[in-house]
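Given these sequences and hints, build the entire structure.
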Amino acid sequence: MVKKTLGLFALILYCIIPACAQQTRQAWVDSVFNSLNTNRKIGQLFMIQVPAQTDAARLNEVRSKIKNEEVGGLIIAGGNPVTLARLIAGFQKESDIPLLIAQDAEGGLGMSLDSTLTYPSPLVLGAIRNDSLLYELGKNIALQLKMIGVNLNFAPTVEMNTTPTLHYQSFGENKFRITNKALAFMKGMADQHVLAVVKNFPVKGLTITEVEKGWPIVQPAVDTAQVYTFRRLFDGGLTGFIPGSTELPLFYSNMSLARKNNFTSQALSSLFTGDWVKRNMNFKGLAFTDMRNVPPMEEKNGEGLASLYALKAGNDVQLYPEDINNAIRKIRRQVRRDKQLEEQLDASVKKILAAKYDAGLWHKEVINTDNLLLRLNTPQSRLLNKKLQEAAITVVKNSNNVLPVSILDNKKFVYITSDTTQKPDALYHYLTHYTHADRYTLHQLPQLKRLAESKDKFTIIIGIYPQTTPEALSILKQLLGTFNRHEVILCDFGNEEFLRTAGQYPTVITAYTNTREMLEGVPQVIFGALAADAILPMSISDQLKNGISNTYSSLNRLTYSIPEDAGMDSRVLTEIDSIAREAIKTMATPGCQVLVARHGKVVYDKSFGYLTYEKKSPVTERTIYDLASLTKVSATLQATMFMYERGLIDLNKKASVYLPELRNSNKKDITIIDMLTHQAGLAPFIPMWPQTMKDTTFLPQFYSHTRDAVHPFPVAPGLYGSQAMKDSVWSWIIQSRMAEKPPRTPYPYRYSDLGLMIMQHIVERLLNQPLDDFLHQNFYEPLGAYTTRFNPLDNFPVQTIAPTEIDKIYRKKLIAGTVHDERAAMMGGVSGHAGLFSNASDLAKLGQMLLQEGYYGGYHYYKPETVRLFSTKMYKGRRAIGWDRPVQSEWNSPTSLTASPLTFGHTGFTGTCMWIDPEFDLVYIFLSNRVYPDRSTRLNTTNIRSRIQDVIYQSIFDYCAHSQ
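FYI, in this note's numbering the residues of the sequence shown are 2 to 965.
Quick caveat, the hints were computed from the structure, so don't treat them as lab data. One or more hints might be untrue.
Claimed, not checked - Distance condition first, Cα-Cα at most 27 Å in a straight line; then the derived DSSO-like pairs of lysine-lysine:
#1 Lys864 with Lys654
#2 Lys214 with Lys147
#3 Lys285 with Lys388
#4 Lys727 with Lys809
#5 Lys66 with Lys147
#6 Lys147 with Lys68
#7 Lys94 with Lys351
#8 Lys352 with Lys66
#9 Lys586 with Lys809
#10 Lys478 with Lys140
#11 Lys352 with Lys279
#12 Lys285 with Lys140
#13 Lys546 with Lys176
#14 Lys352 with Lys313
#15 Lys140 with Lys214
#16 Lys279 with Lys351
#17 Lys458 with Lys147
#18 Lys669 with Lys655
#19 Lys809 with Lys616
#20 Lys200 with Lys261
#21 Lys261 with Lys279
#22 Lys352 with Lys388
#23 Lys874 with Lys654
#24 Lys478 with Lys546
#25 Lys176 with Lys388
#26 Lys351 with Lys313
Here you go:
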């Protein structure tokens, strides 16, 4: 019974509330209307322009028309948003009746106002499959318009593209998709009380059936397909429309009428379409007419006559009227004589007042200009702009399923740009986030010819820009004929001439325009970081027809976005900058890289400072750092997890099971899991290198200053180690002392590098492959982690690698490109505990793979349960299997105290860290060379790494607080 009663009550409210709202609306309209005399009624028909040049004389002219003619509205032309907002607020105060304030802002305020954002063109929006983004666009633009006091938008454009061209002012050529997008956009605006007026109602011809006393009777001809969208918008409650105004075919029912007609086809279409639409399409809204398309009447006393004709022809609102004072006189005189025209005037004014009510003008809103530019250019607006453009990137050809590029290992990539002026080349910049690619321009013909003739197979990515000349396109066509054996991905950024021929190539992407967002987004679509889900909105050739769509899902590679896209506050996140600069200023490190990724999106990736304090070479995102002990988890532990998952090792078995040489040592009983959790009783540190020297002399049985078959292992520039030294290191590890402990008790936690050095031997013994080769083949290369490797000098110039220490004790020189850790150097740069190098971007790929429980780029590196097992805290200590963990609520935690208990990661002696937090879906990486030029501890004592991590979590908390 209670449920029935509540249901009935809800039904009553559902019926009563709209009825009450309608009564309130009508009461306000009637109240204002009843206060108007004839002059004031006529004034409501006019909307005049506020000039972009807001000098005193022009503004006084606008004020005069508001005060004396009491015009119904204003049209914003351009200028500064803050100035305009103040002007609009002043104009509203000066008007007794609230003013409709209009702007042509289909693409946002940036279409006419400075310092504001411009959104994509209708053509780009037409490629988007998800129309909810169009709703968000309408809503966002409406919110911006309201901030400066605008309440009517001449948008959306609903023209149908009927020619095979890139018609940027059209959603496309499919009437159903055009309609759905227009409705979504309109509803987004309406929900924020901004009115929509669509432009260019399409008339394809006019027939004059009669001319009575100089007044033509006009019958427009329309294309039913092109007016379909208008019908749907009319049914959806569209506020108003403006007829298209072009020179049209003009027909007469008999030739005598041609002599009687004094109107051009342009004037006829502008003046007479509104009444026809109302009568034939049941349109109840406002018919607008652009008086700039109606030439002045050449009749005697013709001043203001055009406005009278516009009213008589059934138009409600006149835009850009020329002579308002004379127009009011002409209309007033005619209204007194013509009762029907008076009724028509009253009906138009009431509709105008109703529209003002719908725009929220029944109560005066205060226009706040405080921080207006910041409120107009919010991160949310930038994010929407980015999402709109990414969603429009269209894969128009994918004949051989080249896209998305999922396999990166054993592939060579080349990038060719058709535009040599692109500096910096954003497309290439983002391509290199996913793989290494050599870069050429289209004019480097000798190199490209050698590329075509190469026996190697390449994946060639070609960027084609709007400014690419026909001559360059001809060169491209010839080149493509020689690239048959290679995979070629053609990326168009709005070159119409290329698109017309693009159907003959197997793999083509178009972004329609070369904005920064598109240049960043296309590489992400190529490599499957972003899904491909767009539709070609128009036919561009016989091969590329409207509606073509080659879609695919994301491969869960890292994407690049802004913090708000990942639920983080960008303003808070910028506090990282000041902490990083503090580290450099206090000489805690000469430079660093900081990367933050959340929800699979890199939202912060910055480089600070220089490679050294001499400030000659700045740190860039390509700078490579010595990871130090991050090697333990980023290298050796990955191989260990690989073997565990395949049943090659048992974590609870003794290491001596796999390494027989340990069976007669004091390490015969230590288990793998105890080594990986640092409670095997191993010595915390053994320097070892003094045993290879006599005083300051390098012993010849261990070292040589030239690289040869006996001394193949790099120790430092110009210094190489022998196999005998590697064998000796292993022997010294076996012979090393164990910690003392009471009988029948486990060893306590005691951090030691030796366990991971022993683990390296187990890996290489069981896999029958050097650790570095195995990891490169099975992890780093497939991940696209091009810089993540041991001995980087084999692949990269020393100028790209951050130097670590000026070693005054062991190697007696600057260490740059060879591993900082002495024992790892004695092992030729490849050791289980140190030796790995990387930049932050590539290391993040490994971190993200682990965060995604073994999945990345379309490939499962591990089962989820394997990642969970190794990252879970073991025993009573803070350690997981190989990984470090937070110490909750303790000052000596290696992480921020706000990190979740599920967090796992590691730090490195050179000033590095990587922390992965599954609860917050977060990867944080900090890389530095804090040991340059000597082993400064300032990075640790000032808690730079954990303080940055504090900011990361604070940005999440603040975003959540502001979103509620």
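| request: Please flag the earlier hints that this structure goes against, numbers listed from lowest up. | output: 2, 3, 10, 15, 17, 20 and 22
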